[in-house]
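Visitor: Those sequence lines, one after another, are chains A and B.
Convert by adding 12 to the 1-based position in the first sequence; the result is the number in this note's numbering.
Convert by adding 12 to the 1-based position in the second sequence; the result is the number in this note's numbering.
Incorrect hints may have been included.
Restraint ranges, calculated between C-beta atoms of paired labels, are given here [unchecked claim]: (1) A:294 <-> B:189: 53 to 63 Å; (2) A:60 <-> B:66: 26 to 36 Å; (3) A:325 <-> B:163: 50 to 60 Å; (4) A:355 <-> B:244: 34 to 44 Å; (5) B:287 <-> A:248: 50 to 60 Å.
With the C-beta cut set under 7 Å, the calculated list includes, among others, these residues of chain A facing chain B [to be verified]: (6) 208; (7) 226; (8) 232.
Hints in this document: simulated from the structure, not taken from any laboratory.
C-beta atoms are modelled at their ideal positions from N, C-alpha and C, and glycine is treated no differently.
There are 2 protein chains.
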Amino acid sequence: MTSPPQRFWMPGPVAVHPEVMAAMQQPMIGHRSPAALALRARIDLGMRKLFQTRRPVVIATCSATGLMEAAIRSGVRDSVLCVVSGVFGERFARIAERCDKEVIRLHVPRGEALEPDLLATMLDGPPVDAVTLVHAETSTGAQQPVAELLRLLRPLHDVVTIVDAVSTVAAAPVDPAGWGADVVLTGSQKALGLPPGLAFATVSDRFLERAAEQQDRGLYLDLVALHEDAVAGRWSQTPALPQLFALDVQLERIALEGLDARWARHRSMREMVENWVASHGRCALFATAGRRADAVTALRLAPGRSAAGVVHTLDAEGWQIATTRDDPEDRIIRIGHMGDARPEDLAELLMTIEPRL
Amino acid sequence: MTSPPQRFWMPGPVAVHPEVMAAMQQPMIGHRSPAALALRARIDLGMRKLFQTRRPVVIATCSATGLMEAAIRSGVRDSVLCVVSGVFGERFARIAERCDKEVIRLHVPRGEALEPDLLATMLDGPPVDAVTLVHAETSTGAQQPVAELLRLLRPLHDVVTIVDAVSTVAAAPVDPAGWGADVVLTGSQKALGLPPGLAFATVSDRFLERAAEQQDRGLYLDLVALHEDAVAGRWSQTPALPQLFALDVQLERIALEGLDARWARHRSMREMVENWVASHGRCALFATAGRRADAVTALRLAPGRSAAGVVHTLDAEGWQIATTRDDPEDRIIRIGHMGDARPEDLAELLMTIEPRL
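So here's chain A without its partners, still in its complex pose (with noise of 0.2 Å):
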């Protein structure tokens, strides 16, 4: 089964392959049916691979907001550095205001990835018991490099740090071991190809050991009792079944795909807006040469271009990008070239985007 030209490149939520969409057709089970674990033990064998880690995978009902308030409820014990350069950094910042941490915002300017040695003077500040930092910005479409940063926060004793990798994992690299990350996050929709309704996490046991000693993590959200069912291959809540069944068949996809080339075709898709951009000029690479995230990209437009009219120029001939909401000069505009995203469909976007630039 093919799929017909991709005409929606939201940055998620992203287009659904057909095989996929179908998979979602399947009769409900129990979720403590025979059916229901060995659907989880397939589908934790192929998170690992995309995780690229030996430990189970967490999986949650749930948005990858709702993970990212299971790391820091789970996790934060007082105080946190959040790197903040763009919308979902500072969403970190404000679930952690609004768990009753204290919050130390570490600004890096939108379009830009925190370098290694602005991190490295903050160690002087203020102590925080964890970091949270997001790899690839989807809002600016800058990506981290961090396996340098996380390196730098090594020697710190007693922090932990957790990583939105949501527009990552399964589109780019990750090593949460390598890195030393405690919890490593994603969410469905974006990178890998799937309907919104699932979010998936690695966790260290670091991570679990304090997180145990925390008295206030509920339950829905609370990361010991979700990796207790990733180790044990159960589900203690009713899951969203057709998203689970999606994600079943998608990672067959992803398999015969194969991961080095999946991870290729985003990289020489980002690497095909690059050239575009340059062969024209009309509008310029939001995030940094060298600090680009291979599955989104954001343009800025020219001085006096609106954002919000190229979007709905587009819209209105059926194709589907988006703004950015913290963009007040409204020149920005982005491109999710995830999930099964093709290379050949999103040289046809790039030709039909030109002339509106």
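Given the coordinates of chain A, work out where chain B should sit on it, guided by the hints.
Guide: Quick look at chain B alone, frame taken from chain A:
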């Protein structure tokens, strides 16, 4: 489109009608798009009818347990009285304990409902600032007389009430305002007849005022934020779109059937099981007469019979019913006659079960 004879009779997840399943095949949309806002507006209107309320209906991507946690975290100050007569009553108590609240359990023998005179004796007990109650306890098939119980609580100063109506909203009348219930909640995969992935609630102004003072509500399961989204008709988090598409169609189907007719259908199925048990006497209804839920029945097998054995035998023949987890004697089987279940199909199930009892 008619559905094939039903053989899946779990008390959640439940069988989903083919038309509702097919609705999940709609392509993804941006959750801030006009289409997504129009979808929310339509769903809100339909859900208000099911909840019998004029208030906007909270919609969250999680199981009903997620909204139970949201209600506890957002609305309980220090201590809560949890009425426990089965798995879901106990779940409220566990969530509250894990949110670091003081919990007082009012235990009711399993299979029985809490009667007003027993609740009255508790009112002189230690003060609490919230009460949790399960309308129909899906693990026992017993239904609490919520209206009468909440009437007793009304004179109490500053006590909020949280009602799990998971197996009743869309299957039987509920009346949040008439009851004086501050939160009434349900999930998608029970009486609504949808796949799992969504939860719904109505929330009173009194509850919202109190919740606004709680400093650690978080963001994803914050009933204040969720209610603000309901009022504004927007989606702040990416919702489980397939289930929303399914709900949109299901609300049309429910309107076509008529709410009174839908309630009558479930009532008739409860009566059918009652009459069937009376006709053969090989098992007993677990819930007290007059306190039985319309959408789920628990049956107690004769001494020496194994519930797991009966469920297993039926399963081997392609019929799904359920045991229950808190049944050390292994004598309870449960049938969910929820959602779109038809009396004629239930009759066939009962005929199939009878020789196995």
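Visitor: Quick one: which hint numbers does this structure break? Sort them smallest to largest.
Guide: Failing hints, ascending: 2, 5 and 7.
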